[in-house]
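Throw the hints in and build the complete structure from the sequences for me.
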Amino acid sequence: MTTPATDAWPAQRRGRRAAMLRAIGPLGIVSAVVIVVAIIAAVAGGWFAPDNPDLPNLSLSFVGSTAGHLLGYDFEGRDVLSRLLAGAQSSMLGPIAVVCMSMAGGTLLALVAAWRRGITDTVISSCLDILFAFPGILLAVLAAAVFGAGLWAAAIALSVAYTPYVARVLRGAALKERSLPYVAALEVQGASGTAICRSHIVPNVLPLIVAQATTMIGYAMVDLAAISFLGLGVEPPTPNWGVMIFENEVGIPQGYPLPALAAGTCIVLVVVAFNVLGERLFTYAQAVRR
Amino acid sequence: MSAAAPTAGLDEAHGPPLLKVTGLTVKLPVDGTRRAVLRDVSLELRPGEALGLVGESGSGKSMTARAIDRLLPPGAQVDGMITFDGQNVGALSGAQLRAYRLQVAMVFQDPRAHVNPVRRIGDFMTEALRTNRDLPADEARHRAITVLGQVGIEDGDRRLRQYPHELSGGMLQRVMIAAALLTGPRLLLADEPTTALDVITQSEMVAILDDLRRDYGLAMLFITHDLELAAAICDRTAVMYAGQIVEVRSSARLHDDPLHPYTAALAAARPDIAMTVGRLRAIPGRPLSAFEAPTGECAFAPRCAHVQDACRSTPPPLIGLAGGLSRCIRAHELRGRLEAAGA
Amino acid sequence: MLIRFLLRRLVTLAASLLIASFVIFAALYLAPGSPLAALSGGRTLPPASIRVLEARYHLNDSFPVQYWDWLRGALHGDLGVSIVLRENVSALIASRIWTTAGLVLYAAILIVLLGIGLGIVAGLRPGLLDTSTLVLTAVAAAIPAFVAAIMLILAFAVQLRWFPVLGNGTGFLDNVRHFTLPAVALAVSSLAIVARVTRAAVREEQGRDHVQTAISRGIPVRRVILRHVLRNAAIPVTTIAGVTVASLIALAAVVEVAFSLNGLGAYLVASAQDKDLAVVQGISLVLVAAFVVVNLIVDLLYAVLDPRVAAGGRAR
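Residue numbers (numbering that gives the first Met the number 0), protein chains in the order written: chain A, 0 to 289; chain B, 0 to 342; chain C, 0 to 315.
Treat the hints as calculated values from the structure; they're not laboratory data.
Values in this document were obtained by computation on a predicted structure and should not be read as measured data.
The beta carbon of each residue, even a glycine, is placed where N, CA and C say it ideally should be.
You may find that some hints are simply not true.
Listed below are several chain C residues computed to face chain A (Cβ distance under 7 angstroms; list not exhaustive) [to be verified]: (1) Ala141; (2) Leu172; (3) Gly206; (4) Val210; (5) Leu267; (6) Val293.
Where chain C lies over chain A, by a calculated footprint (3+ residues, C-beta under 8 angstroms) [stated by the list, open to error]: (7) 35-46; (8) 95-109; (9) 258-264.
Structure, rendered in structure tokens:
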């Protein structure tokens, strides 16, 4: 077999970025834009709000769309648009925190299990198997019962429930990476496990990590919103999209669906964006590994 | 574009050709454009004859077999003609196509990928017989066990009940060969059947293929990247480069008296176990696929040791010489000198 | 082979349940304040009630003993007493379990029939149907159950008045009517995910080498699709269908609350808000047990469908 012609390094990097953009596609770019907008709203939404999102004014309760207030008023007479913008913060912050915690925990466990293998792997895998038995929402309800309702209790409970899913995916990828010949070569040269993991294995599974994180933010948003909807997460009157649905649900049978629907649409839009982007990133991650 | 009939190079006559490929050009859609993978390929196979098809990766040898078996990916553009027993293969459809498939059997390179992992071996082997020939299950099993014995698997009854993951790669390839023979084909397309196996299993497999071919009187197209392997069991060998046939020669003469610089380079590049050399001879550059090769000149020109200006001005046709075909405009003058010059 | 695999999974199931029960029980001790305060939900109780609680929960015994007592009681059907309603938790659960079970079953049927069906059709026929399925499912997959709930309430119950909005209804057919909207709300996003995965699995199997082999041997296309493409795609499809159905068990709570259904989930949430810990523990145990059992069934199906699994190694 003759050897392939060698490519110049910059050309290869350019090729990779082009391949990633191609894998993401125009739809992926649109999703990324939506996500960026949501993040901007989360960081600075309160400042952009045209009206005060917290001041109730019962005389305006459930008034529909008017000139200056396109989305109308909620059940306590607050401007819906302002409340949505203000609510972006807790709606986005919670899921991002959940994903950070579960990704950190899951990645660490996966790497340790994949690197050490043997007994360590069996023990870690068994522990993770046990964790699989707890659906996220159940754990959050349990946490709420014990510690009282709140965003942090719910977020921590969810990240504990998500950790085994992250760990399972990453453990598989890390194991495959670890069995590649270059790792054995590095070990023979005397490199330590942590060094190899940090400098070689992690960068190579990084596309997978990013794809997984992106998809999980979508799931975390849905779960956290559900918990807030149940009244066990973010508590009213803190603005939050899930809470808004909970607060304004009464309006629907009465013929005032707009506030609840608006909040629901925000959730769906952002979650779709995360899902689409995450899916495209997954395809890219798999293509890179081949 | 061929200047000579593809039958040149045959030492004996076996009768009218069973398989006749004329001017086959295949283009595949890649990233929106159409890329040529085969350019004007012509070959002939008589009943009972074995033809080796040799080339490096990307030369188009697998694609030729797939075109013959109508297994090209969707969207492929096929020009040229393939006839089997006088019938136009490209025009077949439905029941006729399935009947054709029963007469042409293909053995693939990686047996593990080509056998359904969730079904038993018995199911795999007898499926074609049960569906197309309407054979009752036990009779099909009986035949399967017989053929398994012929490929060297004695406890066929037990093997039929096993799953593919319980068999080694070599065993699985034997099963594939046996399954291919079950429907009584007249042409066997073997696409690098031994490449995925170790050397010892390789020689066993090749011996099995050779014996069976003679016993059943099959015509065989044996695809490989190994010149000597092809020479071992094939009467004639065709060499492919960049989607084109560049030489057709009787296998016995190919190594000693090649007609094309590429063949000579291939033969010289293979290390001889009896010799000691200071440095392995490799062909400079890398093998090109059909769509990468320059079209206005000889595709091998960039890597050829005997290249001249004339080679770069027009694409060379397939020229007939005594004893074979060569796609080199200097074939006549280089005759006899290619072996000595090497790469 | 299969028996050994089944036994291995049963052992894992028992271990999971045991540890899960331990975690659920230990939650009592994680709560700030004394276990007594947790049990009473922060209410002040007359001394007589305190003594009853202490005796019932052996609060003066050591932790392992308490756990063992509770577990023994649970295995015999005694899950303690609800502080709020002063009744046996098991009775309270029993009266509500069929609502939840019926809802989950209804949604599961929708997911399996519609989700897998849609995925197969879209996977086998590229074109307009496929693209529209992709778009629809992308959006539907992101609709959380409670958002779907309010959308459905708005559309069908308020505007169109086809289905009743709230409550369980009486009698089987009426139950079905009442459960339809909740079941659809529960199933929507899972259905979309199952459809997408099914479509991808069917696509991927179609491109596999062994399918080429079957075609090259003259086997009719329809048979190839049934016996090789769909049969092999069933493996990942079963996994995702199983996982989503299992997740319904917890998700049902949200839908029950939205539609005011009197099920275990809604009761769990209410008890969590009321800090009725005994009820929370009891229901959690039941839900986790159901979850683990469903996962076991899925693992079994997976082993039946894929002979490579039972031969060795883990199902995952």
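Results of checking the hints against the structure:
{"no.": "1", "hint": "Ala141", "in the structure": "holds (4 angstroms)"}
{"no.": "2", "hint": "Leu172", "in the structure": "violated (24 angstroms)"}
{"no.": "3", "hint": "Gly206", "in the structure": "violated (14 angstroms)"}
{"no.": "4", "hint": "Val210", "in the structure": "violated (20 angstroms)"}
{"no.": "5", "hint": "Leu267", "in the structure": "holds (6 angstroms)"}
{"no.": "6", "hint": "Val293", "in the structure": "violated (11 angstroms)"}
{"no.": "7", "hint": "35-46", "in the structure": "violated (count 0)"}
{"no.": "8", "hint": "95-109", "in the structure": "violated (count 0)"}
{"no.": "9", "hint": "258-264", "in the structure": "holds (count 3)"}
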